[in-house]
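Keeping the supplied structure of chain Z fixed, place chain P upon it in accordance with the hints.
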Amino acid sequence: MRVLLMGHPNVGKSVFFNRLTGANVIESNYPGTTVDYTKGYMRQFGEDIEVIDVPGTFSLDPKDKAEEVAVKMLRDNKDAKIICVVDASKIERGLYLLLEIIEEGFPVVVALNMWDTAMDKNIQIDAPELEQILGVPVVPTVGISGEGISAVVSKLKDITPVDADAIVERMGGI
Amino acid sequence: MQKKLNEMAYDEEGVVVKIEEDLRQKIAGVGIRTGKKIKMITKEPLKGPVVVMVDEAKTSLGLSVADKIIMEV
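Protein chains in written order, with the working numbering: chain Z, 17 to 190; chain P, 104 to 176.
Bound conformation, chain Z alone (with noise of 0.2 Å):
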């Protein structure tokens, strides 16, 4: 299995990857920090698992370097699972790439990510209803003390592609 850490510039996606393979890749409060990818292996469900962290993206449709670099790895990866980091205290602006990302076919489990800092804000996010909604796993986290980043990875054994078509029914169309 391969998966690969997609999200926006400065989402917390380094920290994941830290946590998930150990490795010690640069971490800093500043968007751009990654610039390339970097791949690590965690051990799950019995077998090694591939992990790449994959430079921040607004979208699909690169500005950048580092997002052609971000997208070139989507799309080399047909096969990859993808966990999209989110920031929970920014969510709307997240879920953009989120859908895109559904869009082309991949298998995701969302993190909406530095969850404490969107209970700081008092920013509400009704998790279960979004996950209703999109047909995914969504999972809050907290990247700096590791809260519910063994649930996002438990999630990732069973997820499969969900029909983007579906999402926007759910909502009651655009």
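There could be a bad hint or two in this list.
Calculated cross-link-like contacts (lysine-lysine; reagent style DSS-like; alpha-carbon spacing at most 27 Å) [claimed, not checked]:
#: 1; chain 1: Z; residue 1: Lys137; chain 2: P; residue 2: Lys142
#: 2; chain 1: P; residue 1: Lys171; chain 2: P; residue 2: Lys140
#: 3; chain 1: Z; residue 1: Lys94; chain 2: P; residue 2: Lys129
#: 4; chain 1: Z; residue 1: Lys137; chain 2: P; residue 2: Lys150
#: 5; chain 1: P; residue 1: Lys106; chain 2: Z; residue 2: Lys81
Everything labelled a hint here was simulated from the structure, so no lab data went into it.
Only chain P this time, still in chain Z's reference frame:
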């Protein structure tokens, strides 16, 4: 009153009313769409980018992008 995004004053808030067609897809990823509330944070000198607040996140936009976004302020 309507004005272009790059004509907004510091700290001024407005709502996006119109985005040029070919740009719409391009900036959807950073969360800018019609009906969205945007606040001007900084305008960089020498025709530099503008920095705006969208969804509690600072986003910088080139002038060529900002002048294609029409705001109601």
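Given hint lysine 142 of chain P paired with lysine 137 of chain Z - CA-CA distance at most 27 Å: Distance ~18 Å between lysine 137 of chain Z and lysine 142 of chain P Cα, so the pair holds.
Check the hint pairing lysine 171 of chain P with lysine 140 of chain P against an upper bound of 27 Å on the C-alpha distance. holds, 16 Å
For the pair supplied as a hint, lysine 137 of chain Z and lysine 150 of chain P, confirm whether the alpha-carbon distance does not exceed 27 Å. violated, 34 Å
Lysine 106 of chain P paired with lysine 81 of chain Z [C-alpha distance capped at 27 Å]: The hint is violated at about 33 Å.
Is the Cα-Cα distance between lysine 94 of chain Z and lysine 129 of chain P 27 Å or less? At roughly 24 Å apart (the allowed maximum being 27 Å), lysine 129 of chain P and lysine 94 of chain Z satisfy the hint.
Hint compliance for this structure: hints 4 and 5 are not met, and every other hint is.
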